Amino acid sequence: MCSRRRARVLIVIVVASALATAALSGSVAADPSVSVDRDGDTVTVANGTSQVVSGTADAPVGTEIVVRVRSASETEPVFLKSASGVVTENGTWAVAFDFESQRAGDTFALTARFENGTAETEVDGAVVACGEDCAERPPSGTPTPIPEQTPTATRTAGPSAPVAFGENVFLVESGTVAAIPITFDGAGRKEAADEAVVVLGNESESNYELEAVVSDDDGDGQAVLYVDTALAGRSEETLSTSGGDSVRVESETSLESMLGPAEYDVSLYAGGERAGEADDVGSLVIQAATTRAAATSTPSTHAERESGTNGIGLGPLALSGVVSGAFLVGGAALAAVLLKD
Numbered sequence: 001m002c003s004r005r006r007a008r009v010l011i012v013i014v015v016a017s018a019l020a021t022a023a024l025s026g027s028v029a030a031d032p033s034v035s036v037d038r039d040g041d042t043v044t045v046a047n048g049t050s051q052v053v054s055g056t057a058d059a060p061v062g063t064e065i066v067v068r069v070r071s072a073s074e075t076e077p078v079f080l081k082s083a084s085g086v087v088t089e090n091g092t093w094a095v096a097f098d099f100e101s102q103r104a105g106d107t108f109a110l111t112a113r114f115e116n117g118t119a120e121t122e123v124d125g126a127v128v129a130c131g132e133d134c135a136e137r138p139p140s141g142t143p144t145p146i147p148e149q150t151p152t153a154t155r156t157a158g159p160s161a162p163v164a165f166g167e168n169v170f171l172v173e174s175g176t177v178a179a180i181p182i183t184f185d186g187a188g189r190k191e192a193a194d195e196a197v198v199v200l201g202n203e204s205e206s207n208y209e210l211e212a213v214v215s216d217d218d219g220d221g222q223a224v225l226y227v228d229t230a231l232a233g234r235s236e237e238t239l240s241t242s243g244g245d246s247v248r249v250e251s252e253t254s255l256e257s258m259l260g261p262a263e264y265d266v267s268l269y270a271g272g273e274r275a276g277e278a279d280d281v282g283s284l285v286i287q288a289a290t291t292r293a294a295a296t297s298t299p300s301t302h303a304e305r306e307s308g309t310n311g312i313g314l315g316p317l318a319l320s321g322v323v324s325g326a327f328l329v330g331g332a333a334l335a336a337v338l339l340k341d
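UniProt numbering applies: residue 1 is where the sequence shown begins, and numbers increase by one.
Among the clues, some could well be false.
Said to hold, decoys possible - The calculated label-pair distances, taken between Cβ atoms and stated as ranges, are: (1) E132 - D220: 21 to 29 Å; (2) S240 - G260: 15 to 23 Å; (3) A104 - A288: 34 to 42 Å; (4) S160 - E120: 27 to 35 Å; (5) A126 - D217: 25 to 33 Å; (6) T42 - G91: 48 to 56 Å; (7) S235 - N202: 16 to 24 Å; (8) G62 - S35: 16 to 24 Å; (9) E76 - G272: 25 to 33 Å; (10) S73 - E173: 28 to 36 Å; (11) D41 - E100: 21 to 29 Å; (12) T176 - E120: 34 to 42 Å; (13) A104 - R274: 31 to 39 Å; (14) G272 - Y226: 44 to 52 Å.
Worth flagging that the hints you see were computed from the coordinates, not collected in a lab.
Given the structure is predicted, the values throughout are model-derived calculations rather than measurements.
Glycine is no exception: its CB is placed at the ideal position from the N, C-alpha and C atoms.
Produce the complete structure using the sequences and hints provided.
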């Protein structure tokens, strides 16, 4: 009798150990990653249309890859381009940019990231002269799909611009508030407050457009414009500013529902009126809101809630395994037979 009890105890210990090892190994997943195809340490593109940037990603098929290209060093005029692609069945992705307006020798920094921000990589890039074989269409063998339309290139403000955005891509989830930082030339002056016109969207392209004037009332040379994407087009409280500054809405498209996920142009003009060419431009990227499901479990007794066990020293997974009496450990089957007294 004693030997049988010892055998049962030994079997339970072996089973519990095997299950713990299997559970731990099964919970370890590869970290998501994204990479960019390049020659050496640099991505090279020609100063032509349909210049393809591609790479690979350790992510499920259909995962969106957001790619941003920003001018670097002394490149003039400065520029900012953004596009997005998706991960294909063989783990590749690709986007196409128009570099026709850039010059050979221009340099840039390229960032590729998952839309949810779980992985990101940055590489240096350079523009070379477009030769005879500089394609107007993506070359054959390019990973697909490439978006049919990529966002137009945006230009960042030069060093002498009277007003400028603190950054040029504003990424938020649908229904949340976007913060758009603005800097004004002449910080600390005691004259009348500096002003800048902000234009968000384009009614002919995105069915939404807002024009407002932001005032640096406290004269500190900066302001933050807050855009409530849940109230846009449906409330007088769409916009607000950082403390000490103010904003007034000149015009806004009326909407029947919340501002949808999309990329909206944002333009900035010095002064209190929208005139001439914009001093700086950027993009407000609104992404679909993510939902997170929380898994819950309800232990049957107070002791189980406290210890996480089922009264015999095993968790629910181990107990179910003991009842079934069969386990797979390292490819070999371990059968446990509990003998009756």
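Hint check results:
1. At about 54 Å, the CB distance of E132 to D220 disagrees with the hint of 21 to 29 Å.
2. Hint check: S240 to G260, Cβ distance near 22 Å, so the stated range 15 to 23 Å holds.
3. Checked against the given bound of 34 to 42 Å, the beta carbons of A104 and A288, roughly 39 Å apart, stay inside it.
4. Distance hint check: the CB atoms of S160 and E120 are about 32 Å apart, consistent with the given range 27 to 35 Å.
5. In this structure, A126 and D217 break the distance hint of 25 to 33 Å, their C-beta atoms being roughly 44 Å apart.
6. About 23 Å separates the C-beta atoms of T42 and G91, a value inconsistent with the hinted range of 48 to 56 Å.
7. Between S235 and N202, the C-beta spacing of about 21 Å keeps the proposed range 16 to 24 Å intact.
8. The hinted range of 16 to 24 Å is satisfied by G62 and S35, whose Cβ atoms lie roughly 18 Å apart.
9. Between E76 and G272 the Cβ separation comes to about 29 Å, which falls inside the hinted range of 25 to 33 Å.
10. Here the CB-CB span from S73 to E173 is close to 33 Å, well matched to the stated 28 to 36 Å.
11. The given range of 21 to 29 Å is respected by D41 and E100, whose C-beta atoms sit roughly 25 Å from each other.
12. Look at T176 against E120: about 20 Å separates their beta carbons, and that is not inside 34 to 42 Å.
13. Taking the beta carbon of each, A104 and R274 are about 35 Å apart, inside 31 to 39 Å as hinted.
14. The hinted window of 44 to 52 Å between G272 and Y226 is violated, with their beta carbons roughly 20 Å apart.
Comparing the model with each earlier hint shows violations of hints 1, 5, 6, 12, 14; every other hint is respected.
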